[in-house]
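Trainee: Listed here are the chains, written in short residue letters.
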Amino acid sequence: MRVSYNWLKEFVDLDISPRELADRLTLAGIAVERIEETGKGIEKVVTGRIETISAHPNADKLVVATVNTGAEKLQIITAATNVRAGDVVPVAVEGARLAGGLVIKRASLRGMESRGMMCSGRELGIDPATMSPEEAHGIMLLPPGTPPGRDAKKVLGLDDAILELDLTPNRGDCLSVIGVAREAAALLGLPFRQPQAVFPELEENISGKVKVEIEARDLCRRFVGRLVKNVRVGRSPLWMQQRLRDAGIRPISNIVDVTNYVMLELGQPMHAFDYNLVREGRIIVRRGREGEKITSLDGVERELTPDMLAITDPSGPVAIAGVMGGLATEVSKKTTAVLLEAAYFDPTSIRRTSKALGLRSEASLRFEKGIDIDGCAGASARAVQLITGMEAGEAVAGMVDNYPGLVPEKTLSLRSERATHILGVEVPREETFNILTNLRFKVEDTGNEMLVTVPTYRVDVSREIDLIEEIARMYGYNRVPVTLPYGLSTAGIKTGKQAFLDRIQELLAGSGLYEVVTYSFVHPRVFDRMNLPENSPLRDTVKIQNPLSEENSVMRTMMLPGLLEVLAKNYSRRVQNGAVFETGKVFYPRRGDSLPEERLVLSAASMGRTAGSWNTPSREMDYYYLKGVLENLFRELGTAPVAYRPETANPSFHPGRTASLETGNEKLGVLGELHPDVLEKFDIPEKVTAFELDLAGLLAVSGRPLQYGALPKFPGIERDIAIIVGQDTPAAEIMDTIRSAGGELLQSVSLFDLYRGEPVPEGNQSMAFSLKFQALDRTLTDAEAGERTEVIARALAARFGAELRG
Amino acid sequence: MREKLQELCHEALQALDAAGSLEDLNETRIKYLGKKGALTQVLRGMGKLSAEERPRIGQAANEIRSAIEERLAARTDELKVAVQEQRLRREVIDVTLPGTPVQWGGKHPLTRVRENIQDIFLGLGYVIAEGPEVETDYYNFEALNLPQDHPARDMQDTFFVSGGNLLRTHTSPVQVRFMEKTAPELPVKIIVPGKVYRRDDDATHSPMFHQVEGLAIDRRITFSDLKGTLDLFAREMFSPDTRTRFRPSYFPFTEPSVEVDISCVMCRGKGCRVCSHTGWLEILGAGMVHPRVLEVSGYDSEEVTGFAFGMGVERIAMLKYGIDDMRLLFENDLRFLQQFR
Ligand SMILES: [Zn+2]
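For the record, the sequence lines run as chains A and B.
First residue of the first sequence: 1, per my numbering; consecutive thereafter.
First residue of the second sequence: 1001, per my numbering; consecutive thereafter.
Okay, chain A solo, but in the shape it has when bound (with noise of 0.2 Å):
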């Protein structure tokens, strides 16, 4: 909503300045956005009258007209079509500024002198949507009668500061300037004037020629018809024209114009039929019907439906209730007589109908938040008031109001200790109740409550604690105390599964990976770049209805798919080389109208290598290195151990460089490197290994507590056992051998050399394992660990024909 402060100061003499009323506004829940000074910038721009126009003698385009500009005549060369002798319009004279900061000089234009420039709307700051393409494109032109050598922005009515309103969707009363006005009067302490609409009628009487009939009497409570005859259809006066630019809309002809002025002055939406059009000046006010169509004044054909509200007359629909009304009975130059409509409809069903039609109207969005309905009779005399004052038609006499179920008044108690409760602060007696007057809301103190009543235009008004809201704000949200609560103090904690999420987070990123946010909707053909099946579950997605594209159309069900799209768009942007992680829900629909299941899991992707120093080599971020990375991260959450076993059918993985992570039967997710293909299709030249895991899964089978061990009070022996082993060989299966073999004495086996080659016969691996042995009670002695080993070497040489080697 953009409200003129000229306009304002019609309903209530404000002291202050724009500026001030904006904060003063704002900080009582009317919020201005910007305050847009028309005509700020312009200078020097006056009313001339052009005398005459002749060819320019040098040039085909341009003519040479003599303005008179009332203190004198000055010689102006234009390349303008639309103006004549005798136009009145705007002159910008030398050193004149404009619109965008341009400066008018003397200049010389095919060796003529051009002493001023004549101005569109454009150059004079008006925004080119609230005019005609005509007069968007040429000279401004001024009513003829227009006085040469005023100011034109006071002709024109650009010296206003129009206040760009943010409105809260409850305050569908400041839809409109009175309802501006009554705020900024509560808020001053001022006076608010009520106008009065006073205007000579017609002998004749409307009776016997317009009759409303209200079928639909749920969806239309009232229906006021008033009708002007006589009437000529022509341009409004310019100050209407500029108010109705100020606010948005476009001047189109003075009986169109003051339906829409009477909207934004009441904030009543009217509209206005060819009284002759109407068939027998009959409205019958009914639900749409099947099938039926009716041509909008923008003309496109519509259909109507029974949820809709039409206005019709006997020979079918003139108007979509609220919304738009119909081409065939458009107020038009032959019109001569016009019905005015003053109207309330249910808001609820002009809300549908306009979202059905896809179509929003000033109309309809002042209907959606319910208006007036005390105020229909006034804003249809406003409407005929100004018609007679622009001597654009006659008022015939009296009006129809059709106003079936009279609405109550509304009125709710207030107590004052309930206020203090909520509030936190005791707002005086006295003060309350000045407050709520000041809003026109009419208090009676009972003593122990007030009883209040609440005007009609406040819809959003209904309970109690709707007015201890009032008097907050008008009282001032800056001048509540500022207080702790204060009650039974609560431990600050969180939950076993929230600190298990932070720690993962805080490990993975201790472990050289970076966290991302993936949005958790996907594209339906991140499951065939993943190489999933037709028949996968995983494709089974929850769908979003109303994606804004197929890029975010289905809930993901994996999360990879979004690192991958990471990894691919970093690749190409250069960055080649990294290691992510995310943690999220993916969502699997279940059946009928129940929620989806929400699972959270964790998973990771890398790419290339690490960052190597001139000390310390880079190493390739590859199967081994998010295995370490995972082996280290259940270590510090204290998780079971965990088994990978190779996972060979994976379909999204490499065949032989994948792992199913398992404990005890429980499988908790997958580690492996991507598949050839699937890289291929996400677009990235380099090898990916990735792990994606169900954190319920992990939370279960992790937390562990830690638990002391007696450290040994005696020296350990270490020996070294390298045997010579098949390729095949599970390494976690020889390592799981010695511990056996090694008995309670081994302490403690590792890897620490592989080798494949010669002098090892193809087929072979050479694997060399450091054994720590260690007794508790004694001095181990060389003999016991020497025995030790070469059980150890007995075994694996039995269970895998390992070769002792060297």
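It is worth saying that the hints were derived from the structure and are not from the lab.
For clarity, every value in this text was computed on a predicted model and none was experimentally measured.
Please note that the accuracy of each hint is not assured.
Claimed, not checked - No farther apart than 27 Å at their CA atoms in a straight line, the calculated lysine-lysine pairs in the DSS-like style are these: (1) A:585 / A:569; (2) A:73 / A:105; (3) A:543 / B:1080; (4) A:585 / B:1181; (5) A:627 / A:497; (6) A:333 / A:211; (7) B:1195 / A:497; (8) A:9 / A:40; (9) A:585 / A:442; (10) B:1031 / B:1080; (11) A:229 / A:211; (12) A:442 / A:9; (13) A:585 / A:627; (14) A:105 / A:229; (15) A:687 / A:627; (16) A:494 / B:1320; (17) B:1270 / A:40; (18) A:543 / A:569; (19) A:569 / A:681; (20) B:1195 / A:585; (21) A:333 / A:229; (22) A:334 / A:211; (23) B:1195 / A:569; (24) B:1181 / A:497; (25) A:713 / A:687; (26) A:772 / A:713; (27) A:73 / A:61; (28) A:105 / A:40; (29) A:494 / B:1181; (30) B:1195 / A:494.
As the list claims (entries may be wrong) - Cβ pair distances, simulated, as ranges: (31) A:431 / B:1277: 28 to 36 Å; (32) A:704 / B:1277: 39 to 47 Å; (33) A:16 / B:1235: 57 to 65 Å; (34) A:491 / B:1331: 33 to 41 Å; (35) A:680 / B:1278: 37 to 45 Å; (36) B:1089 / A:784: 45 to 53 Å; (37) A:545 / B:1100: 49 to 57 Å.
Stated by the list, open to error - Which residues of chain B face chain A? A partial, calculated answer using Cβ under 8 Å: (38) 1133; (39) 1162; (40) 1187.
We put the beta carbon where it would ideally sit given N, CA and C, even for glycine.
Fit chain B with the ligand to the supplied structure of chain A, relying on the hints for placement.
Mentor: Same frame as chain A, but now just chain B with the ligand:
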């Protein structure tokens, strides 16, 4: 004999002085003081001496031995120091070379800010609550005093999924879920971090973003407590001299409702481009929990009151780190992420 001894002594001391290393010293020691050394050789001739002369020569020999030993010790010390110095000189390194790198990554700036917010409220005795990201219409709208066809539903353009369910447009549904579970127990003090979704995508909106919601319900919670809590939060989150401003606003689930501004973090309230020259930055919406929301959640709105607030994590991260384009937060460019470690 005496002359011989004197000569020997002189010779030995000279040799010790001339020795250039610990090895030379050792050789010199053996040469003069060893079992087969020069001194022993000389003393071997003592048998030929008279009984009177013997003790005198013996004494002289002892004096000579201790003189040589003394000099030997002194020379050993000297040479040790020299050797040490030499070694230290050899071992000089360039202390300005970079250190051995430790692999280190980083948390996303949104996580950092979320944790920052959480920590402030954990310190005030709040617990963290969570809820589903795909929600029912009831919890996302209806229970929050936003019935069907309510104009305020337009404020939150919604993504729908099947069954009339939707992607939650705010973290507020968790308020209702938590209260339903807790009622009539008091107090309730929760914060709810989480992802939310709105059908918006431009330079200042992302279709997915993050909120942190807060809720406090008890017998005597007031609007002034809301002000105090958020004022404290703003000072902890930004800086101790941050000022707050409270403007009336409208949310269907709170009343009175408020929009909270902080003094601009860039210009400290003087006015700059970031704050559109107002000196203020809007950071969160809040209000007293609407009685209807308390009622549907199982509390008696005459008995208990409470406040709720909600803030956008992206907005706060942008202000805190001076990020000027929200899309950076979701592009996951490693060069961007590497700035937050
Ligand atoms: Zn600033």
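Trainee: Does residue 1031 (chain B) pair with residue 1080 (chain B) here, judged by a C-alpha cut-off of 27 Å?
Mentor: Judged against 27 Å, a Cα distance of about 21 Å means the pair holds.
Trainee: Check whether the Cα positions of residue 1195 (chain B) and residue 497 (chain A) lie no farther apart than 27 Å.
Mentor: holds (17 Å)
Trainee: Would the hint linking residue 772 (chain A) and residue 713 (chain A) be met if the CA-CA limit is 27 Å?
Mentor: Cα-Cα ~15 Å, so holds.
Trainee: Does the Cβ pair residue 431 (chain A), residue 1277 (chain B) satisfy 28 to 36 Å?
Mentor: Given about 34 Å between the Cβ atoms, the range holds.
Trainee: Between residue 334 (chain A) and residue 211 (chain A), does the CA-CA distance stay at or below 27 Å?
Mentor: holds (23 Å)
Trainee: Going straight from one Cα to the other, do residue 1195 (chain B) and residue 494 (chain A) come out at no more than 27 Å?
Mentor: Given pair residue 1195 (chain B), residue 494 (chain A) holds - Cα atoms ~18 Å apart, limit 27 Å.
Trainee: Given the proposed pairing of residue 585 (chain A) with residue 1181 (chain B), does the C-alpha separation stay at or below 27 Å?
Mentor: Satisfied, since the Cα-Cα distance of roughly 23 Å is no more than 27 Å.
Trainee: Taken at face value, is the distance from the CA of residue 211 (chain A) to the CA of residue 229 (chain A) at most 27 Å?
Mentor: holds (16 Å)
Trainee: With 39 to 47 Å as the target window, see if residue 704 (chain A) and residue 1277 (chain B) comply at their CB atoms.
Mentor: Violated, at about 58 Å.
Trainee: Taking the Cβ atom of residue 545 (chain A) and the Cβ atom of residue 1100 (chain B), is their distance within the range 49 to 57 Å?
Mentor: Taking Cβ atoms as reference, residue 545 (chain A) and residue 1100 (chain B) lie about 55 Å apart, which means the hint holds.
Trainee: For residue 1270 (chain B) and residue 40 (chain A), compute the direct alpha-carbon distance and say whether it is at most 27 Å.
Mentor: holds (24 Å)
Trainee: Taking the closest Cβ pair, is residue 1133 (chain B) under 8 Å from chain A?
Mentor: holds (6 Å)
The earlier numbered hints that this structure contradicts are 3, 9, 14, 25, 32, 33, 35.
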